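Undergrad: These are the residues of each chain, in order.
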Amino acid sequence: MPKAVIEFEKPIVELEQKIDEMRQYSERLDISGEIKILEEKVEELRKAIYNGLTRWQKVQLARHPDRPYTLDYINTIMTDFVELHGDRCVRDDKAIVGGFARLEREIVMVIGHQKGRDTKSNLYRNFGMPNPEGYRKALRLMKLAAKFGKPIITMLDTPGAFPGLEAEERGQAESIARNLFEMSHLPVPIIVVIIGEGASGGALGIGVGDRILMMENTWYSVISPESCSSILWRSWDFKEQAAEALKLTAPDLLAQGIIDRIVPEPLGGAHRDPVQGAEILKGILLEELKKLRKVRIHKLIEKRIEKFGKMGEWEE
Amino acid sequence: MAWFRRSKASIETVPQRKETPDGMWSKCDGCGEIIHRKQLELQFFTCIKCNYHFRIGSKEYLTILVDEGSFKEMDRKMRSTDMLDFKDTKQYRDRIKDSIRKTGLNDAVRTGLGKINGIEVVVGAMDFSFIGGSMGSVVGEKVARAIDKARKSKRPLIIVSSSGGARMMEGALSLMQLAKTSARLAQLSDAEIPYISVMTDPTTGGVTASYAMLGDINIAEPGALIGFAGPRVIKQTIGKDLPEGFQRAEFQLEHGFVDMVVHRKEMKETITKLLRLIWE
Ligand SMILES: [Zn+2]
Chain A
1 MPKAVIEFEK
11 PIVELEQKID
21 EMRQYSERLD
31 ISGEIKILEE
41 KVEELRKAIY
51 NGLTRWQKVQ
61 LARHPDRPYT
71 LDYINTIMTD
81 FVELHGDRCV
91 RDDKAIVGGF
101 ARLEREIVMV
111 IGHQKGRDTK
121 SNLYRNFGMP
131 NPEGYRKALR
141 LMKLAAKFGK
151 PIITMLDTPG
161 AFPGLEAEER
171 GQAESIARNL
181 FEMSHLPVPI
191 IVVIIGEGAS
201 GGALGIGVGD
211 RILMMENTWY
221 SVISPESCSS
231 ILWRSWDFKE
241 QAAEALKLTA
251 PDLLAQGIID
261 RIVPEPLGGA
271 HRDPVQGAEI
281 LKGILLEELK
291 KLRKVRIHKL
301 IEKRIEKFGK
311 MGEWEE
Chain B
1001 MAWFRRSKAS
1011 IETVPQRKET
1021 PDGMWSKCDG
1031 CGEIIHRKQL
1041 ELQFFTCIKC
1051 NYHFRIGSKE
1061 YLTILVDEGS
1071 FKEMDRKMRS
1081 TDMLDFKDTK
1091 QYRDRIKDSI
1101 RKTGLNDAVR
1111 TGLGKINGIE
1121 VVVGAMDFSF
1131 IGGSMGSVVG
1141 EKVARAIDKA
1151 RKSKRPLIIV
1161 SSSGGARMME
1171 GALSLMQLAK
1181 TSARLAQLSD
1191 AEIPYISVMT
1201 DPTTGGVTAS
1211 YAMLGDINIA
1221 EPGALIGFAG
1231 PRVIKQTIGK
1241 DLPEGFQRAE
1251 FQLEHGFVDM
1261 VVHRKEMKET
1271 ITKLLRLIWE
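In order, the protein sequences belong to chains A and B.
Numbering of the first sequence is given in the numbering used here, commencing with residue 1 and proceeding in unit increments.
Numbering of the second sequence is given in the numbering used here, commencing with residue 1001 and proceeding in unit increments.
Take these hints with a grain of salt, some might be off.
As the list claims (entries may be wrong) - In silico lysine-lysine, DSS-like type, Cα no more than 25 Å apart, as pairs:
1) A/LYS299 - B/LYS1072
2) B/LYS1072 - B/LYS1115
3) A/LYS299 - B/LYS1154
4) A/LYS120 - B/LYS1240
5) B/LYS1059 - B/LYS1115
6) A/LYS120 - B/LYS1152
7) A/LYS303 - B/LYS1152
8) A/LYS310 - B/LYS1152
9) B/LYS1149 - A/LYS310
10) A/LYS239 - B/LYS1235
11) B/LYS1154 - A/LYS310
12) A/LYS47 - A/LYS10
13) A/LYS310 - B/LYS1077
14) A/LYS299 - B/LYS1149
None of these hints come from the bench; they were simulated from the model.
This one's a predicted model, so the numbers in the text were calculated from it and none came from an experiment.
Chain B extracted, bound-state conformation (with noise of 0.2 Å):
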């Protein structure tokens, strides 16, 4: 995509983004309408009829916030190792290799430099696609490094958040990434640059529980998951079932967790109002 300005070498080992695998036409989860994918890139990749927000990856959630033509992105090839040598069904370097091959990406966040209306930003956007969304040590790392990338080029940094939490095969290490990234946010804040936080569906686990949650500004899209245990969980301990919109962005929003809530097809609009607001 045009945004997409890559290295020579870059573009040997970032495969082509696959269709979907139903090919051109998708089926919306909010109201079962089917579809063109062309249509759905026109609306942002949401439903016309119902507003339902589908789940998008990083590229083309970069595409939509990010001025054509200036994103650059950084540390792309950074990899998970399976440092523990962890194994359940089934081996965590296997994992990531075909998740690696599945979808072209090497981790579950892309990080980089970009330009939003002409400001000059420091963004990151995360692929759920990538084994949930997890976060081990290449996502805590990219993350600390954008972040510490926005504080010492006086940017403001933009995350766009979609993860399932914290990612069990690193074992403690993986937790350890909630610290670190919020640590660099305290020292981001301390230099009084702006953060500003997007969730998207799902933003659930330990990054709800870190940057996602530390946003000078929290901004949700319509209907995003967004909570801290499952839900699954909570109903286990509760033993009933959930009311209806619980740990929804409005939810989040009626409970004071996010400033507010906001269609994807005006989120550029928005995030270029607040940063002008209070950083030009």
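Okay, chain A solo, but in the shape it has when bound (with noise of 0.2 Å):
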């Protein structure tokens, strides 16, 4: 039973807690005639909800509290994990971990944004939004899996890199333009999965690889609906509306030759089983990374390169 419960999820819940609850009287009387088709209902329900969700909604499934973080998926599909720590700088940036794992018989690099479950724990990972000296881990830790030969794989989830007065003057900026400009000629093959949120510079500032991969309820997109809602219409109450215009979905960044794939997620989004999510990513990962074992590294970077170069619209 998720602890959190989204508004358009409530008549899924509702109906899951009362077959729950018949399931308790079936042991005294026969009714598991009726409880089928109550299963038979919900199982309709969630197709019809899930299926028919707005960009609204898309985002506010990747934000869901009981959603799947990096940790949870290194955790659940890797094994060997390392965390590996600081940036040699300033400190050791919380909201973004990373460190060397198992996926299988590959050794990777992991680096991914980490969220908080509650108050205390958001507090220590600062929501997920990254200082300069995040960005500078995760480039240290890349740098690392180039000097050993290591594929990498990014995981994004973050509401932003953080808008902070520290933040500002340790270079957020630079943090981040160094990063695109260092893990676009890394020499060795990068995987970025959007799990999450992906918002702006914040989520890019780890996201440049050979292969950009979206989980199926997340977004990615240059600013967030609320953002965008305050700017463009000056007030917070059309972040609907802004959601919808800036297209911000797995599908509508597959359109827009963003992404290279979406990750399927078990019906009504990761957190409603968190283990198959995980193993569908894996199996996902392992595919992706055999294609590109085999090609050559200056092939690779050429292609990442040019990967990026192709993005955009315009007419002359």
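Using the hints, put the two chains back together into the complex; each one sits in its own frame.
TA: Structure below.
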């Protein structure tokens, strides 16, 4: 049973609760027929609701408090994870985690944004909003991976780079720019997965790679719908319209030629069955890694730069 | 203007630059001094009294930087499309049309070949007047091509930035221009061709988080606002007033993100001196 329920999930959760109650009675009464009917009904309801989500509702799913985060995926699909800390300059940024791990027989460097589950852990993780030292830690780890010839997997899930005073003093913009620059010619395969929220430069700061995967119920754009609403509509009330206008869902980004592949999630979202969700991702990661392994490094870099070079639309 | 060597066709499509709305006189935002346009031009659009640097367009900046008659513009006709059919209070394609009409520009950056005191360079300058100098596909592509041109023709690259960041109306596609331009700069760097970035007021958001901060040498104009997040957003986050001079060019110099703060009247000579040291 999910701890948190989004408005549009309510009818499903209520029906599921009803079925649970009936199961308790069924020890004394034979109501298996009724239960079966309700189960079919909830399945239909799930399909109807989840296949008809608006873009804003997808944003809400991407932010679902029960959704798996980077460390959940690492712990579910990887082994021997050794977390490495610090940018060797200022401090260890808790909003980005990373280290070597095994993914089946592959040894990889895995790096991702990390959110917290409750107030305390969210304060510790700064709500998944990195400071410059987070991006610099990520770059240090990526260079380490390149040094030892290990592929890199990054997981994107951030409401944005932290807009703080110290972040500016320590060069938030420079740290992101430097990562884009360095990641584009790093001599190892890089797979990027958007696992939750992909908000602007804060997400892209660890998001340059050879394959860009996006989980089904996530968003990725230049700005959050709320901030977009506040700037373009001069009010916080147009987030739904902003989400529609930004075209920020996985199918949208596939159509725009930005991502390579959508990673399917269990019906209702990765939080409904985190283990199954993680296993699907694992299968796809292994498949993509295998493909990338076959490409010569200089060709890989050339194609990576070309890949981003093609993005955009204009007339002349 | 003299540096602006145009083909016949381009003359027809580029309207004349309009005078400032208030005519020949401009008020200095720094000290309130009223200055005549002719005098402003002679002073490189800076205030003689307080050194305030007026925001100027690509045309003015290139006149200051590039040897007379040497500029050849590239990709001048490139325009944005409303690929997402984006509508806020206004449809994006109408916003583009209106901006083209108002500014006489096709988008927020002008790029081309030119000479700086005889040194052949690839040079670009941004126009804040075109949708806040925002970077969408056109700015990203034009900058990317300018970088490519610099690499292939082995000429140093100079880009003068002035931008509020990525262009929201192009969604994730505008975000990807950060990666596109930065990746091209990595290639340029691998080819050991110098890139000098000049940041003018304001240079914030996605442009700062990509090519503006990636110069081999970063130069800022005095007083220019340079940062990632806008001051308003930071103020909201910390719930306090921001310190005096926060995110200004001098602050960036103090924190180590620009190599020097250079007055506009000395910009050309400074760039020349640098290029002669590292390139010629
Ligand atoms: Zn003045």
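Undergrad: Each hint needs a verdict: does it hold in this structure or not?
TA: We went through each hint and held it up to the structure:
{"no.": "1", "hint": "A/LYS299 - B/LYS1072", "in the structure": "violated (33 Å)"}
{"no.": "2", "hint": "B/LYS1072 - B/LYS1115", "in the structure": "holds (10 Å)"}
{"no.": "3", "hint": "A/LYS299 - B/LYS1154", "in the structure": "holds (23 Å)"}
{"no.": "4", "hint": "A/LYS120 - B/LYS1240", "in the structure": "holds (23 Å)"}
{"no.": "5", "hint": "B/LYS1059 - B/LYS1115", "in the structure": "holds (15 Å)"}
{"no.": "6", "hint": "A/LYS120 - B/LYS1152", "in the structure": "violated (53 Å)"}
{"no.": "7", "hint": "A/LYS303 - B/LYS1152", "in the structure": "holds (18 Å)"}
{"no.": "8", "hint": "A/LYS310 - B/LYS1152", "in the structure": "holds (18 Å)"}
{"no.": "9", "hint": "B/LYS1149 - A/LYS310", "in the structure": "holds (16 Å)"}
{"no.": "10", "hint": "A/LYS239 - B/LYS1235", "in the structure": "holds (22 Å)"}
{"no.": "11", "hint": "B/LYS1154 - A/LYS310", "in the structure": "holds (23 Å)"}
{"no.": "12", "hint": "A/LYS47 - A/LYS10", "in the structure": "holds (14 Å)"}
{"no.": "13", "hint": "A/LYS310 - B/LYS1077", "in the structure": "holds (19 Å)"}
{"no.": "14", "hint": "A/LYS299 - B/LYS1149", "in the structure": "holds (21 Å)"}
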